Amino acid sequence: MNLTSLHDFLAMGGYAAYVWPAYAVFLAVLLADSLAPTVRRRQVLRDLRAQLARQAARRARKGGATIPGTAPSPSAPPPRSA
Amino acid sequence: MNHPRLIHACKAMLWRDLTLAWRRRGDIAMPVLYALIVTMLFPFALGPEDTLLQRIAGGIVLVTVLLAMLLTLDAMFSSDIEDGSLEQLVLSPQPLALLLGMKILAHWLTTALPLIVIAPLLAAMLHLPNAVIPILLLALLLATPLLSLLGAVLVALTAGTRRSGMLLALMLLPLCMPAVIFAAGAVAAAQQGLPWLAPIAWLAAALVLAVVLAPLACAAALRIALDA
Amino acid sequence: MTHWIPLWLHRLSSPPTFYRFAGAVWPWAMGLALLAGAIGLYGALVLAPPDYQQGDAYRIIFIHVPSAWMSMFIYAVMGVASFVALVWRIKLAEVVAMQSAPIGAAFTFITLVTGSLWGKPMWGTWWTWDARLTSELVLLFLYLGVIGLYHAFEDRRQGARAAGFLAIIGVINVPIVHFSVNWWNTLHQGSTINVFGASKIAADMLWPLLVLTLATKLYYVASLCRRVRTDLLALEGGKDWVRTLAAREAAP
Numbered sequence: 000m001n002l003t004s005l006h007d008f009l010a011m012g013g014y015a016a017y018v019w020p021a022y023a024v025f026l027a028v029l030l031a032d033s034l035a036p037t038v039r040r041r042q043v044l045r046d047l048r049a050q051l052a053r054q055a056a057r058r059a060r061k062g063g064a065t066i067p068g069t070a071p072s073p074s075a076p077p078p079r080s081a
Numbered sequence: 000m001n002h003p004r005l006i007h008a009c010k011a012m013l014w015r016d017l018t019l020a021w022r023r024r025g026d027i028a029m030p031v032l033y034a035l036i037v038t039m040l041f042p043f044a045l046g047p048e049d050t051l052l053q054r055i056a057g058g059i060v061l062v063t064v065l066l067a068m069l070l071t072l073d074a075m076f077s078s079d080i081e082d083g084s085l086e087q088l089v090l091s092p093q094p095l096a097l098l099l100g101m102k103i104l105a106h107w108l109t110t111a112l113p114l115i116v117i118a119p120l121l122a123a124m125l126h127l128p129n130a131v132i133p134i135l136l137l138a139l140l141l142a143t144p145l146l147s148l149l150g151a152v153l154v155a156l157t158a159g160t161r162r163s164g165m166l167l168a169l170m171l172l173p174l175c176m177p178a179v180i181f182a183a184g185a186v187a188a189a190q191q192g193l194p195w196l197a198p199i200a201w202l203a204a205a206l207v208l209a210v211v212l213a214p215l216a217c218a219a220a221l222r223i224a225l226d227a
Numbered sequence: 000m001t002h003w004i005p006l007w008l009h010r011l012s013s014p015p016t017f018y019r020f021a022g023a024v025w026p027w028a029m030g031l032a033l034l035a036g037a038i039g040l041y042g043a044l045v046l047a048p049p050d051y052q053q054g055d056a057y058r059i060i061f062i063h064v065p066s067a068w069m070s071m072f073i074y075a076v077m078g079v080a081s082f083v084a085l086v087w088r089i090k091l092a093e094v095v096a097m098q099s100a101p102i103g104a105a106f107t108f109i110t111l112v113t114g115s116l117w118g119k120p121m122w123g124t125w126w127t128w129d130a131r132l133t134s135e136l137v138l139l140f141l142y143l144g145v146i147g148l149y150h151a152f153e154d155r156r157q158g159a160r161a162a163g164f165l166a167i168i169g170v171i172n173v174p175i176v177h178f179s180v181n182w183w184n185t186l187h188q189g190s191t192i193n194v195f196g197a198s199k200i201a202a203d204m205l206w207p208l209l210v211l212t213l214a215t216k217l218y219y220v221a222s223l224c225r226r227v228r229t230d231l232l233a234l235e236g237g238k239d240w241v242r243t244l245a246a247r248e249a250a251p
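Chains as they are written, first to last, in numbering that gives the first Met the number 0: chain A, 0 to 81; chain B, 0 to 227; chain C, 0 to 251.
Think of the hints as simulated: they come from the structure by calculation, not from any bench.
This structure is a prediction, so every number in the text was calculated from the model and none was measured.
All C-beta atoms, glycine included, are put in the ideal place defined by N, C-alpha and C.
Heads up, none of these hints are tricks.
If you anchor each label on the Cβ, the simulated ranges turn out as follows: (1) C:Pro174 with B:Pro94: 28 to 34 Å; (2) C:Ser12 with A:Trp19: 41 to 47 Å; (3) B:Pro194 with C:Ile4: 53 to 59 Å; (4) B:Arg23 with A:Arg57: 47 to 53 Å; (5) C:Ala246 with B:Ile80: 38 to 44 Å.
Construct all of the structure, not just a fragment, from the sequences and the given hints.
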């Protein structure tokens with residue numbers, strides 16, 4: 000058992016300069032990997048919500064028609080389906 | 000299978016690509032000039048001391064030829080994609096793998112063969128002993144088609160994408176490391192007077208495998224990449 | 000031909016079903032991974048005795064070896080998923096293959112860096128071009144190539160198929176990495192741990208290694224679930240189930 004003292008534990012028998020950076024890299028890389036999906040998910044949902052908002056606004060602008068495909072007047076071009 | 004027709008198709012494919020390359024024969028000089036310039040840089044960078052240059056000459060020539068081929072690999076399918084003839088090729092009744100094999104052969108003839116022709120000059124610039132030059136040429140003769148074949152598969156995968164040439168290098172270099180290792184190993188062994196046949200045999204075996212498998216893989220890759 | 004595939008497997012390959020399934024699985028996998036990781040790390044750093052030859056420097060083995068095993072395991076998973084995706088055109092297989100690549104690249108990077116940090120005190124050098132190290136570096140380049148090729152395509156599904164093809168070509172490297180210490184004279188040591196038969200490592204050093212192996216596997220499952228879920232949202236953005244989800248998550 001290595002817990003004779005905290006100092007001995009941290010010194011790692013003289014190899015501290017190699018062992019601790021190795022463990023740090025292990026934890027840091029896996030931490031970065033675990034954060035990546037969270038960041039991307041937020042981005043994807045934000046973009047999707049913005050796209051939906053734009054489509055809803057476009058539909059509202061086309062004269063308040065709730066059914067896509069019905070034009071408010073015969074001369075106006077039919078709205079693009081979402 | 001109607002054999003005469005297949006031969007005609009292969010010959011036609013080969014002749015077409017060689018003719019097209021001949022019409023842009025200035026482009027054939029590019030990789031040669033590149034190889035010459037890069038090889039000349041090494042004595043400037045490392046100092047003209049003979050013994051040092053001699054030790055690394057084989058490796059430098061091999062890497063320089065590899066990089067020069069990498070530059071031209073991108074263009075293997077690009078002009079055909081642009082004018083739509085590649086899709087016609089995919090749709091043709093002849094086996095796509097054979098036609099692509101002819102394309103790869105034409106590419107090798109127009110890019111690698113000039114490099115192999117000037118390889119003795121490059122080797123002499125770096126003071127490679129004369130006795131080793133034939134083995135260097137043999138290694139290049141086996142390694143460069145291997146690179147063409149492997150590179151063709153990867154270029155087919157990236158056909159039509161808006162990718163940079165660096166992506167191709169990133170994909171190709173790890174896969175052709177064994178070829179470089181064996182080719183350089185043969186030259187180094189010959190330079191030290193040791194038997195050099197084993198790495199050459201490995202290269203030849205890999206080449207035979209590639210000649211059979213790479214056109215098939217290239218055809219599959221092309222179908223994946225063009226299947227929009 | 001498809002009669003041997005059970006219905007639940009069929010259903011699982013549908014994006015909304017897999018989204019829900021992975022959503023239930025990943026918290027458990029992550030929790031167990033963290034638990035096993037904590038136990039393994041405690042065993043590795045505190046309980047395991049110092050090696051009589053390498054002193055405390057050998058403790059890097061507890062993160063180096065599991066990461067190396069994961070780098071190869073994930074590549075094999077990526078290869079199989081790519082094969083399934085290319086042959087049967089299953090969307091989920093494409094996503095699993097492409098989302099495994101960054102995780103595999105991460106483990107390969109950890110393997111190379113921790114190996115280098117272990118090599119310096121033990122071999123006296125940060126790096127050597129022996130077969131094991133070189134083939135592991137090639138593995139990292141293969142992962143990066145797959146990721147790069149996938150992102151080079153406008154059409155994500157086509158990109159997944161092209162990158163999957165590259166992954167399958169590169170599968171040949173995995174046995175090379177594994178058997179390199181047997182086939183060539185390498186500076187890297189031979190295998191000390193055998194699946195069938197006695198291992199050459201002491202029991203009180205073996206158990207933290209195995210626990211951390213389990214932890215990294217569970218972490219991979221958790222991370223893959225999360226990444227696949229997010230990618231399914233991006234891929235299926237036009238579908239109803241995604242839109243209702245996006246709307247629901249916006250409403251606080």
